[in-house]
Amino acid sequence: MDRLKGLFALVLITAGIFGALRIVHVSIPLVFPQTRQGPIEVASLDDVRRLAGFSPLLPAYRPAILGDRPTSMTFSFHPRPTFVIVWRAGDQYLSVTQQQGGPMPPHPPLAQPLATVPDATWWTDGVRSQVIVARGEFWIRIDTSLPPRDLTRLVDTLTAY
Amino acid sequence: MTYLWQVAVHSAVMGAIFYAWVHRVDLPSGRTKRHLLMLLLVLPLVTAAVPGRSDGAFGERLAWFDSVRVADVPLVSGVHLYHVAWLLGGLMTILTIWQEVLPSFRHPHATTADVPEWLWPLVRGRAGWAQCTVAVSPLPSIMLATAGWPGRATLIVSRGALAALSAPDVSLAIAHEHAHWVEGRWWKSHLLFLARLLQCYHPTALWAFREYCIEEEIACDAVAAAGRDPATLVRILLQVYKETDPRDVAARGALRKRVDVLMSGGPQDAALPPATIIAAAGLMLLVLPWIV
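Taken in order, these protein sequences are the chains called Y and U. First residue of the first sequence: 5, per our numbering; consecutive thereafter. First residue of the second sequence: 38, per our numbering; consecutive thereafter.
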């Protein structure tokens with residue numbers, strides 16, 4: 005043991021300091037929730053309202069093929085408060101990203117206005133159809149494998165939870 | 038920017054661990070302490086570069102401690118802790134430039150003329166210093182310093198030193214200066230200075246490098262005093278201490294420490310076994326990447 009003299013003390017001190025750091029790591033978000041970097045898995049839409057301070061906007065129209073329950077819900081505080089909800093069943097999926105404030109999310113130059121819906125820009129990328137629409141202080145981005153004709157209906161039925 | 042922040046965080050955590058450890062085991066001055074300070078200056082540059090840790094998902098799900106949570110704590114009027122950290126980083130950079138970078142460009146005014154004849158053999162008789170230049174500075178205080186590169190060293194001696202010290206005392210002081218140029222000390226201290234400059238924005242590196250410099254002085258004192266009465270070197274250091282401005286607390290503190298170590302029998306180079314140092318480095322390499 006003389007060959008490693010002093011090492012035990014180092015291990016103990018390291019454990020102590022790391023323990024203290026862990027307590028800080030866990031306790032700061034309890035007082036300041038916005039210090040979490042995310043993405044944070046959220047269990048329910050109520051959690052989103054509690055964490056973000058806004059109500060999620062969800063399309064009331066959702067084809068039955070996607071199922072009732074979302075497959076994932078995540079929230080990030082940085083760089084902008086952003087909520088992402090995804091429904092997925094096999095190859096079919098629907099993802100809705102709700103970003104609070106900031107510039108319009110990036111979109112390809114060939115994207116075009118969505119007919120009948122103001123402030124909406126849409127495009128396709130292979131089998132993916134995407135649309136970005138402004139709703140109050142939010143940017144809503146819908147990304148789906150559903151046909152492009154469903155985009156208007158998805159946007160038109162966006163409703164606060 | 039993320040990398041620089043990571044270096045500062047890893048350095049601060051490692052510095053806190055090593056500081057507590059050194060006090061716990063009551064580590065004396067010597068090689069072990071120098072090695073720990075070298076690790077403290079170099080390892081954070083490595084652990085902060087471990088890839089795959091820069092995205093928020095790592096900090097959220099895998100990291101043991103996410104420093105961004107602390108940095109993001111709001112204070113008042115939209116000010117967060119990271120604003121304070123930026124301010125501190127800026128002040129540290131200015132301090133480094135002012136106290137460490139600019140002085141390295143300001144060589145003391147010295148002339149190679151009027152060098153006493155008796156000084157040459159004391160200097161050029163030393164290993165590797167056959168070509169060493171000697172210059173005399175008009176400073177009235179006791180000052181011996183070296184400049185240049187290995188193979189092109191210059192020893193600068195002040196008029197105050199030539200007047201106040203006897204030839205054996207000057208020889209002892211030259212032995213100390215010469216010790217800085219042998220056994221790779223010059224290279225080690227300059228490479229560590231580079232590592233220090235890369236970390237000019239955080240205080241742990243400043244503290245670690247200054248501690249290392251004091252330990253180097255202690256090591257060179259030991260080389261110079263070997264085979265002689267250490268009281269002679271103590272007397273010279275105390276003369277320098279008396280001449281040092283009392284407001285220069287750091288310089289006087291360093292001199293006091295050097296005197297204390299000389300009086301207590303010199304540095305203890307084998308305070309901890311090498312295996313412990315290697316294991317300590319391994320432990321830090323293992324745990325620090327889990328902090329982001």
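Fair warning: there could be bad hints in the mix.
Claimed, not checked - In the DSSO-like style, the derived pairs of lysine-lysine whose C-alpha atoms are separated by at most 30 Å in a straight line are:
id, chain 1, residue 1, chain 2, residue 2
1, Y, Lys9, U, Lys225
2, U, Lys279, Y, Lys9
3, U, Lys279, U, Lys294
4, U, Lys225, U, Lys294
In short, the hints are calculated from the structure, not lab data. Small disclaimer: the values here were computed from a predicted structure and weren't measured.
So which hints don't hold here, by number, going up? 2
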